[in-house]
Amino acid sequence: MRPVLRALLPTAAAVLLLALGIVWLAEGPGATASPADAPTPGTTREVAIRAQAWGFRPRVVRVAPGETLRLAGISEDIQHGLAINDLGVNLQLRAGQVARSPAVTVNLPEGVYTIQCSVFCGLGHASMKAKLVVGSPRAAPGSGAPWIASLLGLAVVVGVAFRAGRPRG
Amino acid sequence: MDPGQRPALAGLRPAAPTPARPRPLPWATAAAALVLAGLTGITGLAFLGKISLGPPAPSGTGIVFYVVPYHYGYAFYDSGLVERQAIEVKVGETVTLVIVPAQALPREVFLEYNKRSLKLAVGGLSPGDPRVPAKVQEDLALGNVEHIIGIAAHPVYVTTNVAAVLNGQPFRNGGPATLAEAVSQKDASIRSVTFTARRVGAFDVLCVDSGMDGTGTCGWGHKWMIAKGAFVVRP
Amino acid sequence: MSTTPGAGLDRRELTRLGPVRRAVLLPSFQFWTVLPTLALVVVVLVSAAVGLEHPSANFGTVVTWIVWWGGLLVSFVLVGRAWCLVCPIGAIPEWLQRLSPWWGSRYTAGLGLPWPRRLRNLWLPTALFVVFVFLDNGYGMSNSPRMTAGLIAVLALGAAWVSLVFERRAFCRYLCPLTAFIGTCALTSVFELRRRDPAPCRNACPTKDCYRGNARRYGCPMGEFPGGGLESNLHCILCTECVKSCPHDNIALRWRAPGRDLWAMSRPRLDGACAAAVIVGLATVVPLLALAFLPELRSLLARLLPAGVPPNDPPRLAAVVLVFGVGLGATLGLLHAASLLSRWASGSARVTTRALFTRYAYALIPVGLSKLLADLLDHAFRTWGVLSNVTSALLLDFPWNRVMPERASATDLLGPLAVYGLQVALLLGGLLWSLEALRRTAPGPAADRASGVASFLPIAGLALVLTLASLWTLGSGLL
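Protein chains in written order, with numbering that gives the first Met the number 0: chain A, 0 to 168; chain B, 0 to 234; chain C, 0 to 478.
Honestly, the hints are just simulated from the structure, not real lab data.
If you're wondering where the values come from, they're calculated on a predicted model, not measured in any experiment.
Where is the CB? At the ideal position from N, CA and C, for every residue including glycine.
A portion of the hints provided could be inaccurate.
What the hints assert, rightly or not - Partner residues aside, some chain A positions facing chain C, computed with beta carbon under 7 Å:
hint, residue
1, Leu19
2, Ala52
3, Glu75
4, Gln78
5, Ala94
6, Val97
7, Ala102
8, Cys120
To be verified - Partial selection, computed: residues in chain A whose CB lies under 7 Å from chain C:
hint, residue
9, Val3
10, Gly20
11, Ile21
12, Asp76
13, Pro101
14, Val105
15, Asn106
16, Gly110
17, Thr113
18, Ser149
19, Ala154
As the list claims (entries may be wrong) - So the derived label-pair ranges between C-beta atoms look like this:
hint, chain 1, residue 1, chain 2, residue 2, range
20, A, Gly87, B, Ala140, 35 to 41 Å
21, C, Phe30, B, Gly122, 18 to 24 Å
22, B, Thr195, C, Asp270, 52 to 58 Å
23, C, Trp122, B, Pro169, 54 to 60 Å
24, A, Leu8, C, Val189, 35 to 41 Å
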């Protein structure tokens, strides 16, 4: 067991460190556009979103339920799309030109909704997403998905590791 | 045993003799190089925009029509600037469409055109719904001022350029007072396209989607900005 | 059917099936497979060069970046270098060189020079592949019909010029920006083209027709030597010239364990291994770093470089180059570190870190390939119907594609969460596959189970980290 422990400790430490780094990179950097403490009735808040290959800034947009919102998007490089299917918003973003959506009232239950790029913009297009957080949701249906997937990945590794020491076929 | 003396394995085909190396033909090499050089040159010139690889453009302007797109419809005029319900041409004719955005004209003229939207059912609202003018005003304020004019089944795909003359305002200050003035002054906002009408039928004039799933550049009413069968090609 | 002693009937062998055998022995086999692709590529080129300058309305861009790219990724696993079999960009210059589309010719056009010895590796193609991905990230190549047309034109003309100067398919083997990508991913295939029995090749074949050709057929256009122990799909384009030219009927197309090449190569090369590592890094690490840092890097570099009109914006382009450099450097560095730790843990003096690095890199290919497939899956399900739209538009104005029929009708076939579920399944499948390959590759005395596990753990950890990078990059919009 000693060789296994000698390899396991540095490996586990490195994997843990890198995994935390990955979660931070995926979720951390990127400003959050937050609502005012209490949105003033009758006013429309404009949220500016910048798109580049392949991500959005801010990556999290927080709104209050019932708030009236206008999205102003701009691309920093090529043509992108800014789509929130749950709000029926879909803007075409061209480099250097601001595109504004009509004012939309966020009549959605508290939760996390996906903002995604709706124009094929290259090999990283699938990763080009941001989050619209309405209210203070406890847990969105998709919130645990990456964590569950990560644990499944770990289980796969452990399972194959048990076979690692057997004679190879 | 010398490899050449080993008995052949039973049932095998005798090996074909290795031929002499194929003879290079210098004239074939030179001809190929010449052709490749030509293709390379043509490709380079095409991508620098010096030559066009597409079909030849129709010669001359042919019959001219004027199209005034507004939020959210179109007005059509013949070459004498007389308004028509539709554009009618004969098959095989060369057609030039001159597109003059309504916003390139004064505010009052634009608003007159936009009253026509009240006669249509736009955005799921009934004709005459007062929310339609409010939506138009909102789109102008949002900067959703351009249209991409297309005609179904025809090579027409023209993006207007009215933002250049608006200077960030919803309406134009100065500029031509009428359509006739804008045409005679060759206003900067005008775009045109020349093509040949090859198919007989009645085709829609529409504001083309700029996105993959039905979005457009002129805002809320974009999806309804279609003049059904307004481009008529007769035999 | 072969009567070579010792060959016997192999149930895995496809060339024992009559129709398959007749097809691959047909001299014009590759000609007929290339012809339809040639027609399609010509239409794609014309529509991209002349047609609507709108990426989702242009037949050329949609077919190239969704249909062809997606088909390419799937074909690796099923058939190996199947694209190379049908690719007209490599085939037509070859016909020009041979002065014949399929029959043996006594004459040739071109100078027939040997490819420079120093360049007989995959370093240059790997660098060109990185440039290819950079053009997409930096300039939106897949977003632009004109750039797409430019890419096809440059590849076609480049292949033709190289064929006129150098022998065989030098472009396809040593210069094509996709050869390293296609070749390394083809190692995952369930098919292979190999000699049945080494004995006839060693003992009874002085002519080496599979390599040198004969009066009837040509030798391997990729310069491989099937009779000399071709052991991987890295360079085999499935042209079947060797099957036709072998006088001993000793080469067969057969099934095999999926991705057997990933662990079974006896002489894996470092250039191919680095190509594999670069591809995995581009698929997994680089997108994550771009997501996290690109805007901030750009702002930083904007203080040093003059701004430009996007996409020709020097600060942003420099930021992309930096992200690529750091991402690929990190991938290679992590792989080296894992190899080092694995060697140390194995306690074996027989293996070197370099040897482990080389083998492990190949074994990680499924992790990268599954991420690329997951990306494409997302796009396919979110824009279902686009292909029929652009095909209708093309048919209305064939082949110029200047016409929009009416409204676009792309549909969201599945929601984001459902798509992510499918992506997770793909990524975990790729991880499992890589782990199996790594398990068979990691050193350690067979009798000592603990050493076997110990040497496996570091590289398994790296495979997990790369998969986590993909899982979180794709899932960051869901949390």
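Comparing the hints with the structure gives:
1. Leu19: Cβ of Leu19/A sits 10 Å from chain C, so the hint is violated.
2. Ala52: For Ala52/A, the interface hint holds, since the closest Cβ of chain C sits about 5 Å away, which is under 7 Å.
3. Glu75: 6 Å, holds
4. Gln78: 6 Å, holds
5. Ala94: For Ala94/A, the interface hint holds, since the closest Cβ of chain C sits about 4 Å away, which is under 7 Å.
6. Val97: 13 Å, violated
7. Ala102: 24 Å, violated
8. Cys120: 5 Å, holds
9. Val3: 5 Å, holds
10. Gly20: Result: violated, 9 Å to nearest chain C Cβ.
11. Ile21: Where the cut-off is 7 Å and the nearest Cβ of chain C is about 5 Å from Ile21/A, the hint holds.
12. Asp76: This interface hint holds because 5 Å falls under the 7 Å limit.
13. Pro101: 19 Å, violated
14. Val105: Violated - the Cβ of Val105/A stays beyond 7 Å from chain C, reaching only about 17 Å at its closest.
15. Asn106: The hint is violated - Asn106/A has no Cβ within 7 Å of chain C, the shortest such distance being about 19 Å.
16. Gly110: Cβ of Gly110/A sits 11 Å from chain C, so the hint is violated.
17. Thr113: 5 Å, holds
18. Ser149: 6 Å, holds
19. Ala154: 9 Å, violated
20. Gly87/A x Ala140/B: 35 to 41 Å: 19 Å Cβ-Cβ, so the 35 to 41 Å window is violated.
21. Phe30/C x Gly122/B: 18 to 24 Å: 56 Å, violated
22. Thr195/B x Asp270/C: 52 to 58 Å: 55 Å, holds
23. Trp122/C x Pro169/B: 54 to 60 Å: The hinted range 54 to 60 Å holds for Trp122/C and Pro169/B, with Cβ atoms some 58 Å apart.
24. Leu8/A x Val189/C: 35 to 41 Å: For Val189/C against Leu8/A, whose Cβ atoms are near 38 Å apart, the range 35 to 41 Å holds.
Checked against the numbered hints above, the structure breaks hints 1, 6, 7, 10, 13, 14, 15, 16, 19, 20 and 21 and satisfies the rest.
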